[in-house]
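**Q** Protein chains in written order, with the numbering used here: chain A, 1 to 89; chain B, 1 to 416; chain C, 1 to 970.
What the hints contain is simulated information worked out from the structure, not anything from laboratory work.
Some clues are possibly wrong.
[Unchecked claim] Capping the alpha-carbon separation at 25 Å, the derived lysine-lysine pairs in DSS-like fashion look like this:
id : chain 1 : residue 1 : chain 2 : residue 2
1  : B       : K97       : C       : K128
2  : C       : K165      : C       : K282
3  : B       : K287      : C       : K135
4  : B       : K287      : C       : K128
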Amino acid sequence: MRINCPYCGPRGNEEFAYLGDATVRRPDPAAEDAAAQFYEYVYLRDNPAGSHRELWYHGGGCRSWLVVTRNIRTHEISDVAFADAGDKP
Amino acid sequence: MKYSAFALLREAFRGHRGWTPAWRKAEPKPHYDVVIIGGGGHGLATAFYLATEHGITNVAVLEKGYIGSGNAGRNTTIIRSNYLLPGNEPFYEWSMKLWEGLEQNLNYNAMVSQRGVLNLYHSDAQRDAFARRGNAMRLHGVDAELLHRDGVRRMVPFLDYDNARFPIHGGLLQRRGGTARHDAVVWGYARGADTRGVDIIENCEVTGLSIVNGRVTGVDTTRGTIRAKKVAMAVAGNTSRVAALAGLRLPIESHVLQAFVSEGIKPAIDCVVTFGAGHFYISQSDKGGLVFGGDIDGYNSYAWRGNLPIVEDVLEEGMAIWPGLGRIRMLRFWGGLMDMSMDGSPIIDRTPVDGLYLNAGWCYGGFKATPASGWCFAHLVARDEPYPVAAALRLDRFATGALIDERGAGAQPNLH
Amino acid sequence: MSGTHRLQSGGLIDRGKPLSFSFDCESHAGFAGDTLASALVANGVKLVGRSFKYHRPRGIFTAGSEEPNALVELRGGVRREPNTRATVTELYDGLIAASQNRWPSLRHDIGAVNDRLSRFLVAGFYYKTFMWPAKFWELLYEPLIRRAAGLGRAAGAEDPDIYEKAFAHCDVLVIGAGPAGLMATLAAGRTGARVILADEDFRLGGRLLAERCEIGGRPAVDWVAEIEAELAAMPDVRIMRRTAVTGVYDHGQYSAIERVNDHVATPPEHEPRQRSWKIVAKRAVLAAGAHERAIAFGNNDRPGVMLAGAARTYVNRFAAAPGRRLAVFTNNDDGPRTAADAREAGIEVAAVIDSRTGARVTRVRGRHGVRLIDVADADGRTSTIECDALAVSGGWNPAVHLTCHLGGKPVWNDEIAAFVPGALPPGMTVAGAAAGALTLARCLGGGMTAGVTAAAACGFAIAAITQPRADDEGAAVTAMWHVKDSRGKAFVDLQNDVTTKDVALATQEGFGSVEHLKRYTTLGMATDQGKTANVLGLAILAQASARAIPQVGTTTYRPPYVPVSFGAMAGHHRGRDFRPTRLPPSHAWATEQGAVFVEAGAWLRAQYYPRAGEADWLKTVNREVAATRAHVGVCDVSTLGKIEIEGANAGVFLDRVYANTFSTLPVGKARYGLMLREDGFVMDDGTASRLAPERFFMTTTTAQAVRVMQHLEFCHQVLWPALDVQMVSVSEQWAQFSIAGPRSRDVLAKLVDADLGDAAFPHLGCREVTACGVAARLFRLSFSGELAYELAVPARHGDATIRAIMAAGAEFGITPYGTEALGVMRIEKGHVAGNEINGQLTARDLGLGRMMSTKKDFVGRVMAQRPALLDPERPALVGFKPVDGARRLRAGAHFLKIGAGATAENDEGYMTSVAYSPMVKSWIGLGVLRRGPERIGERVRAYDPVRNGDVEVEVTSPIFVDPEGARLHG
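Chain A with its partners taken away, still in its complex shape:
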C-alpha cells in the first residue's frame, strides 16, 4: 500500500504504524457510566467491510498521526488528513 502523507507525500505503508478505528472517541472519565463507555471505546469496533476511517502513524517520516479513509475490501484510499487538523488554528 501507498499512503499519501499530507506532509511527506506518497510513501509505502512500511513507514507507518497502524492503530485502528479513528471514529472512536475517548470518553469523559468522570462520566457516571465511564466504565461502560471506556469498555466500548477500548474494545468494541464496527469493523465494517467497506469505508473505514483509521489511524496511521508516520513513524518513518514526519511523526504525524493521520486519519486515513480506506475501503477495507479493496484497500482503496479516498482521503488522508492530519488527525489533529480539526483542532489546530
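Chain A is fixed; fit chains B and C onto it per the hints.
**A** For chains B and C alone, coordinates are given in the frame of chain A:
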C-alpha cells in the same frame, strides 16, 4: 461408505465406480433445531459433535461459498497446545487430544502428524519466558521440553548457529505438536456430519438474522429463509459482519494474514520451527512444499490478500534462521481473514440474543483449535453451558478484565 | 555443428560462440543464445525428467516459464538449485544440470513402479487409508510418503551468492516485450513519459522471436531490433531484460525479480545473483502474452510431445528440431502453421491431425520418447503414424495472472475459447495476447493504444506514432479439450500427474467446486502453478459435471507469477545483517575493554567485562556488583528512550500520560513515572525531569522507546490536540552514563563544574552542567540503589566521555559494569523491569498501585478499576530466596504451595527475574505470587520441571538491599 485399504483395493479393481460423494449437496429445509453459520472446520466440527456427542442431528451448516473456503483452507496447518495461560492451555490440549484420535473417529485420514513444534529462543529473557510457558504446560499435564542450543542443533542442524544476528540459544519443544492436512480436516468433519444426518448447504450466504423479542428464530439466506431454534456463528474473518445482523458490536477486527508455500523439495525439515526474534514459522508438507508464514499485515482488511512489506519480512526471517533457503523458490502465497480479538484469544460464548451463539476471535491460531472448538461449541449450543475447558473464553471478559492475553500486548489486535 | 538436431541455418543463436554443458554427467554442446532446453532439443535429448507421483518419463513441453516437466537441479554443491526450468535457463559455458526425482537413474527409475500401481493411487487415495493402526502413520506410512514426495534436493548449505533489493519509480510500467509491449513502450516513450519495460526473457521480442512473421513488410526480428534501438536512445526509457514482474500490490506497486547473473556460472565478485525490485508506477500496461494449452489424450505426456508454439520456438528461434518426423495435433490454425514452419526448416511432417475435422490422437506410443501415434478420424477409422515428435495446440490462454492479484476475476470469451481479463487493478490496462487479442495486428494496435493512453493519463501529450502493417488472421480455434476415446492415461496436470480420470473421480465424490477439485487432486498446485493445466482441468470438470466453463469459474491466480527465490526477497537482510544493529556510544571503548556483548532488541550492549583469570561470567558479574556497591561503577545507559517535551501544557500532558503527577514537579527535579495503557495494564516506566518550567526530559525503557514515543504523539495529536506541547525523540542525540556507588560524587566532581553537594544537588535532582568542557545534563538517579548519577552528553562526545569518566575514576577504583550487573543491582533493590512489565501485570500487581493518582485523569485510569484487575487473589510482586542458600533460582519457575500437587489448579504465580546477589550471598528472585505481599516469610516451591528444578523458596520483601534507601542519600 467406510474408507479403508480394503475399500480402496476393491474399488481399484472395479474402476473406482463405487465411491460416493463425501457429503450430500443438501437443499435447505424450512426448519432446523440448530443452524450453524459457517462451513469451515469449526462449523463442521460443531455439527459433527452435535450429532455424535449430543444426538442433535436436525442441523444445517450454511456456507456462503464452498466448505473450507475460509481459513480452514488457507492456513499453515500447524497443531500444538503450547500455550501459557490457564484460560487457553486446557482448551488447546483438549484439541490436541481430539487430534490424536481424529482419523479413527472420522474414518478419514487427515494426516495428523506429530513431528514436533520447536519455538526457538534467542536471549536469556526469552528462555525464561519460554520456561514459564513450558512449566505452565507441564502443570497442565502437557509435554514440554526446554532445549539448549546443542539440543536444537541436533534436531535441526541446518539452521544458522554461527553467523546470526540473533543467535539461537535454544528452544521450547512440544513433541506432540505437528501438522495436519487442513483440507482433509474439513472434508472429514463434513463427511462425518453428513453421514449422521446433518445438512451441509454450500453457496448459501446468510443475509439476515430473525430476532423476535430478543430471541433468534431463524436466518435469511440467499437460498431463502430458514427457521431455527438455535443459531450458531462460526464465521471467523467475517464475525463482525454477521454479528452486525443481530445488532452486535464485538471486540474483534478483521485482519489479513499471508501464508506461503515453496516449490516441492525432497525432505529438508521434519518438525515445525518458529523464529523467536521475529515472527516466522516453517514446516514441510508431505508433498514436499515448505509451508511458512509470519506476522499479520497489521491493518484492517477484508481483501483476502496482503502487501509486499510482510512478504519481504517473512522471507527475510526465513533466510535469517535457515540460510540454505537462498536458492529455494517461493511458489505461491495467499491471504486469509483473521478474526483478531482484542486480547488475542478466542470467544466461545452465548450472546445477548437468546439462542444465538458465538464462536469467534481465533486470530491466526484457529486451525489447531478446530476439534476442541467444535466440541466445546457443540456442548454450549446443546446444553447452554460452557464445556469446562472453554469456560474462560467468555465474551464479557473484556468488560470484567479477565483477559487472556498471551503476549501481553493489550487492546490492540494487530499486536497479538 | 553442435547437436544432432541442430538445424543447418537460421535461429537467433550465435554460432560463433559454442558452449559446452552437461546433463546427467553427459557432455553436450550448444551456442550462445540457447536455453538449456533448446540446447537439449538440439542434441536430441528427449527424456529430461520424471513426474511427481507416477515417475513417468517426461520431456520438454514448453519453451517458457510455464514449463511443467523439464525441471532440473542446476549447478551443484552449495549452488544447487532444485526445480529449475530448463526452458528459461540461459546456456552458459560449463553449465551443469542433473535430472531429479529419480533413482537410480533417469532412464531406470524405481519410482516408476507407482505408474504400475496407479489404479490404487488415484486422486485422494491417501485420505481413505493409512489409518490403521493409528501409530503407524508417523512411524511408517508418512516417512515413506515424505521420502517419495518432493522434487529436487535443496543445496543444504548456506547460499554463497548475494542478492539485493532496489526501488524504481516510473510513469508507465510495461510488462512484456512482445509486439504489444514494444509498441506500448514506444508509444509511451515518445511522449517523454518515464517508462520501464520489463521482460522475463533475455531478449526482447516475445513471440516475434519464435514466429516467421513480418511487420511493415520486413522480418519481425528486424522490426524488433529497430524499436529496441530507438528505445535505447530514449533517456527516460529503461529496459529491464531477464526481469519478471511477479506481483501486483495496492496503489501501483509491483514486485519484479531481475535475474542479474543467472546466465553465468557464478556471479562476478560483488555482483548480486538476483535483484528484487519494487516498482512504483502510475500506470501499467500488461502485455504478458498468452500460454498455449494442451489437449488431454492417451499418453499425452510422453517425451517428444510438446506444445506447438514451443515447437515453433525451438525451430525458428533456436534452430533446434524437436524431432526428425513431426506430427501435429491441433484444434486451431496454429497447427498448420507449425507444420509449415517445420517443413520450411527441413523437418519432415508426418501428419497434421486437426480436431476441427473430427480427427484426433488417441494414444502415443513409446515410453521414453514418441515412436508412434494412434489416430482416429471423424468416421472412427483408426491408423497409426510413425513420428518422433508430436506438437499439440489446444488454443491459447491469455496470461491474465497479474490482473487477478488484487482480486480481479477473469471472464470467459467464447471467440477464443479462453479466459480474458475481467476487472483490472487500478491503473492497469492490458494489451495484446494477454487481453485476448490473438493476431499480430491487434497486438501492435492494442499495445500502441495502451501506451498512448497510459502516458496521457500521466499528463504526457500524445506523440506521433503509426501502427505498422501486420497480419490480422486469427487462429480460428474450436475448443477441443479431451479425446474421449483415448487409450492410456490422459494427463491434465503434467507435473502433478493429474489425469482426466482423477478429475472425473473428484467430481463423482462431490469435489466439483473448482477449488475442491484443485485441493483434492492437486491440479494446478505444481511449480508451474497450472499455467498449462488449469483451464484444461476446469474445462474437463465442466464437461464431467455438465456445466458451462464460466459456471465452473477459475481458482484464484496468486502471486508470484513465477516462483521467486528466498534469497532475492531477503536481499541483504540475512546473517548478521538480518536487522540493523544499534551500537551505544561507548561501544568502541567497550570492545577495547574486551566486553562480552548481548542483543537487547536492536541494540548490542556490553553484558559484562571479564578480566583475565575469572572462571566464569558469574565471577565477573559479582566483581562488578561488589565494586560498584563498595566504590563506584559506570554503565552505558544510552539505550534508554529519551524524549524532550516542551510547551506551556507540558506538565498537564505528563499528568495525563503518567499514572502519577508531574505538573507539580519543581524545576531541577526528576521523578519516577509509571505509564499505563488505556486498558489499565502497565505499559512502561521511566523518569521525567523538569529542566525548565515548560521543558521536561523523559526516559523510557530501552525496549519500549519506540512505542512510548508513538504513544505520546498519539496522546497529543489524537486525544488532546489542544494542549500546547511538542515532543521529539532524542534517544540518538544523547549518550548517557550511569555512575553509581559511594564514590560516584568524587568521580563526577572531577568532571563537572557544579556543586554536587547533597544540599545543592539532592537525590532526584537534575541540572544542566558543563562536563569535560561540553554542555551536559546531570541527573541524580539511581537504579542500583547506590548514590548514583546519570550524566548525559551529546552523543558524539560519548566515546570521549566514557574515557574521561574512567580516567577520573581510576583513583577511586571505578569499574565498568554491564547489563548483567545492572540487572543484579536492580533485582537487589526490587525495581521492576521488562520481565515484570510484561503487559500482563497491573500497577497493583507490581506493588505500585499507590502511584495511580486519584486526583486527575490519566490514560488507563478507568480500565484499571475493572473487577478482575482488582481481584485480591491476583499474583503480586514479592521477593524470593532459596531456603537452602546454595540452590540456584531460575526465572520462569511457577510457585506451588509446599506439598501441593504439580497441577494447574495449584499454580500460584511465577518467578519473573533472578540473580545471584553478592550482597545477600545467595540467589534471589522477584516474582508474582497469589496474595504475595501477605505471605512474606512463607515457604513455597519454585517448580521448574522443564529444567528439572524444584526449589523450596522463602517469600521475602522484593527489596533485598538497603530497604530504607539510606545509600541513596547523603
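**Q** Give a verdict on every hint.
**A** Do the hints match the structure? See the list:
Restraint check for K97 of chain B and K128 of chain C: the C-alpha separation of about 22 Å stays at or below 25 Å, so the hint holds. Taking the CA atoms of K165 of chain C and K282 of chain C, the gap is near 21 Å; set against the 25 Å cutoff, the hint holds. Distance restraint check for K287 of chain B and K135 of chain C: the Cα-Cα separation of roughly 20 Å lies within the 25 Å cut-off, and the hinted pair is therefore satisfied. Our distance criterion of 25 Å between C-alpha atoms is met by K287 of chain B and K128 of chain C, whose separation comes to about 17 Å.
Checked against the numbered hints given earlier, the structure satisfies every one of them.
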